[in-house]
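Q: Assemble the whole structure, with the sequences as input and the hints as a guide.
In this text, residue positions in the sequence shown follow the working numbering: the first is 11, and each later residue adds one.
Zero decoy hints are in this set.
List of simulated lysine-lysine pairs, DSBU-like, C-alpha gap at most 35 Å:
| # | residue 1 | residue 2 |
| --- | --- | --- |
| 1 | Lys137 | Lys28 |
| 2 | Lys145 | Lys28 |
| 3 | Lys89 | Lys28 |
| 4 | Lys145 | Lys89 |
| 5 | Lys89 | Lys137 |
Everything labelled a hint here was simulated from the structure, so no lab data went into it. Every value quoted in this text rests on a predicted model; they were computed, and no experiment measured them.
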Amino acid sequence: MLAKLRPLYNLFVEPLGKLSVSLGLTPDTWTIFSLLASIAAGVLLYQGSFWWGLVLSIIMFLADVMDGATARARGTPSKFGTVFDHVIDRYAEFFVYGGLAVGGWISPLTAMFTASGVVMASYVRAKAESTGLVKDCAVGIAGRAEKLILTYGAVVLLGMNIHNWAEYMLIAVGVISHITAIQRLLYSRTAIAQAS
11 MLAKLRPLYN
21 LFVEPLGKLS
31 VSLGLTPDTW
41 TIFSLLASIA
51 AGVLLYQGSF
61 WWGLVLSIIM
71 FLADVMDGAT
81 ARARGTPSKF
91 GTVFDHVIDR
101 YAEFFVYGGL
111 AVGGWISPLT
121 AMFTASGVVM
131 ASYVRAKAES
141 TGLVKDCAVG
151 IAGRAEKLIL
161 TYGAVVLLGM
171 NIHNWAEYML
181 IAVGVISHIT
191 AIQRLLYSRT
201 AIAQAS
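A: Right, dumping it as C-alpha cells:
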C-alpha cells in the first residue's frame, strides 16, 4: 500500500544518499550500523525499556534507508551488498521480536508466528526474483513499511502498558505477512508460467 509513495520517498532520501557518499560512508557501513542498532533495540525491549527500544528500532530502520540511498547514490550497486543487506534485515527483525518474546512481553507463539511471516514474505520475493523470470515480486497487501509501522505501534502500546492490544497488533503483523507471502507465491507462479 505504502509502495505508492515510493517516488516521494526516493525524492526525499536521494540527497541523503549523496551526502553519505560525500562523507565517505558505504552501504555496508550503514548495514552494519543497522544490525548494531537492532541488537541494542532487542536488548532494550527484552529489559522492558520500550521507549528507548522504539528509538533504537527507528534508528535501525533509518540506517537501512541510508544503506539503500547510499548504494543508489554511488551508482555502482553491489550484488553481494544487496544480499548482505537483506540478510541483516531479517536478523534485525528477529532481534526485535525475539527481545519482546524472551522478555515475556509477548507470547513465544506470537513471536514465532509474526517473525516467520515477516521472513517468509521477504524470502518468497527474493527467491522468485532470483529465478530471473520474475522482475519484481513486491506485491501483496503489505510491504516492510506497513509491518514496521504496526510493530512500532505495538511497542508504543507496550510503553503505555496496554499489553493485550500490543500483542494483537503483532499478531496482525503476522497475519498480513503470511497473506503477503502467499500472494507473492501465487504471483510468481503466474509470472514464471508466462515467461516460460
